[in-house]
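> Chains as they are written, first to last, in this note's numbering: chain A, 1 to 316; chain B, 1001 to 1257.
Bear in mind the hints are in silico, worked out from the structure with no lab data behind them. Glycine is no exception: its CB is placed at the ideal position from the N, C-alpha and C atoms. A couple of the hints might just be wrong.
Here are the simulated DSS-like pairs of lysine-lysine, each with C-alpha atoms no more than 30 Å apart in a straight line [stated by the list, open to error]:
hint, chain 1, residue 1, chain 2, residue 2
1, A, K306, B, K1144
2, A, K190, B, K1136
3, B, K1194, B, K1006
4, B, K1184, B, K1077
Computed beta-carbon distance windows for the label pairs [unchecked claim]:
hint, chain 1, residue 1, chain 2, residue 2, range
5, A, I279, B, V1110, 42 to 50 Å
6, A, Y8, B, K1136, 56 to 64 Å
7, B, K1026, A, L86, 40 to 48 Å
8, B, K1168, A, Y8, 58 to 66 Å
9, B, K1168, A, R277, 57 to 65 Å
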Amino acid sequence: MLDFINPYYLQIGSFILINILLAVSVYVPLSSGQLSLGSAGFMGVGAYTSALLTINFDLPIMVGVVGGACVAGILGIIIGIPSLRLTGVYLAIATLGLGEVIRVIFVNWDSVTKGSIGLTGIPQIGRELLNLVRGFGFEPSMIGLKNNQFVFLMVFLLLFIIVMATIWFVVRQQNSRVGRSFSSIQMDEKAAESMGINITYFKVLSFAQGAFLAGLAGSLFAHVMGYISPSDFSYHRAVEILIFTVFGGSEVIIGSIFGAIFLTLIPEVLRFVSEYRYIIYGIMLVILMAVRPQGILDIHLLSRVKGLKRSKGGMR
Amino acid sequence: MVLEIKNVSKNFGGIHALRNVSFSIKQGEIYGLIGPNGAGKTTMFNLITNIFEPSSGEIVFNDENITGLKSHKITEKGICRTYQNIRLFSQMSALKNVMVGGHSRSSSGVFSSVFRTKAQRKEEQELEKNAEELLKLVGLFENKDLLAENLAYGQQRRLEIARALASKPKLLLLDEPAAGMNEKETDSLYDLIKIIQSKGITVLIIEHDMPLVMKLCDRIAVLNFGEKLAEGTPYEIQNNEAVIEAYLGKEEEEEIA
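Could you build all of it, start to finish, from the sequences and the hints given here?
Here it is, written out as structure tokens:
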């Protein structure tokens, strides 16, 4: 019974959700005109912080996750302030460099991070949740689920709630004085400043929010996987995260979400062509950038879809 | 005096963009800043809004020295400007552009924005209402949902004025607002600036359209090669020999004689 709750699908679903968080962590700084490639680095900071807190100090996972995200966010503020002078490609290169510095620290700080082997035995969210409900005298079998089905399902649902809350937060913020400030800085920094916008504050704010989200995604990643190593946060990851946002469309948050879902699914869907799948993935990116450099979804497309809906509504 | 420019100079490397310029603007007047291209008029605007800091001299606004104050602080104090080459937020609707103008007169932060507190909702409503009124004032209310980039050129100029007005300035700086406008548009611009004046807002305007300047301004300063050449009422300026010379050149006969 309930065989459709397949751990494999749920695991992919969980990865999609974590990738959505990462894509949004690129989208937020980008909404104020800052192209940050530091997401993989901030993700690593969140992951290691949370893993070390829970392994070494026996803290609950929730404390670890919040701690990991906050440490990444604070690092975002510290990095964000000197990076203010950099724009465009220069900021991208600087943040990419930052990510590499962080990764090299993880590799070489053996006594704490166990070097390139990475950390194992990180408490896993799913198991903790299972133990928690067992404490209340509940068994997965009572609703006809196997233990591992239940574990993967709980992880998926928890991540789903976190992602929904994040999207809710970002969308609400976007449609407000803060969001207007972000987009005005993105469109014309000088004019934004003449309108009384403190661009230092808002740029650091959006940069730090991106770092916080990446740290959050990283710490969740650590507690979903149960093991992490520096190579999880290498520059390949940084580029992958950037591609989610660029592919889906970086102007609108739905673009980042779509990009993360689509590009996480593609390698799985293409499993039947095994060794060719990354070639197909690459070709898709090349074609997209040639045909639609702004990404699949953009403001014009969305407003057309909205207009379509409205005119249909008028017909009725 | 609303604005006092005291012995302001600005050098870019070895070039003296402005040299010891002084003038002051009275409450409620329309003050014109004219002069040939490259005379330093826009530089003066950039100094007042502190896009650059002056090399020497002082800028005093309502008896307060604002030299070197950050641009966004100056806007908070009540000086707002438009740009010679229109700088709107092109991918935003006209309404949102004007709402951004109200930034310094509102205060919602991240928390109140995300949780839509009562104060935040009230503030947003007021910002929107105020923006709509300003759009009506400049005659763009029907276009409020259009993206700024899709507006006609003259409309964009008017939108920039509405956006600046949203910051509730005491002093409005207009940098060539009539540039590229036809006669009809210029006439309605004249009416608009007069209405702005009647609301108690002091206006400092850079403009090349001489008939407009002479009709509009209470007083005028003429800049030439970074120096103040003359200052006075439109009548005085029109009859000032140094000004005529700067604009039209010396008469040949005089040279020979």
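> Determine for every hint whether it applies to the structure shown.
Verification of the supplied hints:
no.	hint	result
1	A:K306 with B:K1144	holds, 18 Å
2	A:K190 with B:K1136	holds, 26 Å
3	B:K1194 with B:K1006	holds, 27 Å
4	B:K1184 with B:K1077	violated, 34 Å
5	A:I279 with B:V1110: 42 to 50 Å	holds, 43 Å
6	A:Y8 with B:K1136: 56 to 64 Å	holds, 60 Å
7	B:K1026 with A:L86: 40 to 48 Å	holds, 44 Å
8	B:K1168 with A:Y8: 58 to 66 Å	holds, 60 Å
9	B:K1168 with A:R277: 57 to 65 Å	holds, 59 Å
Violation of the numbered hints given earlier is confined to hint 4; every other hint is satisfied by the structure.
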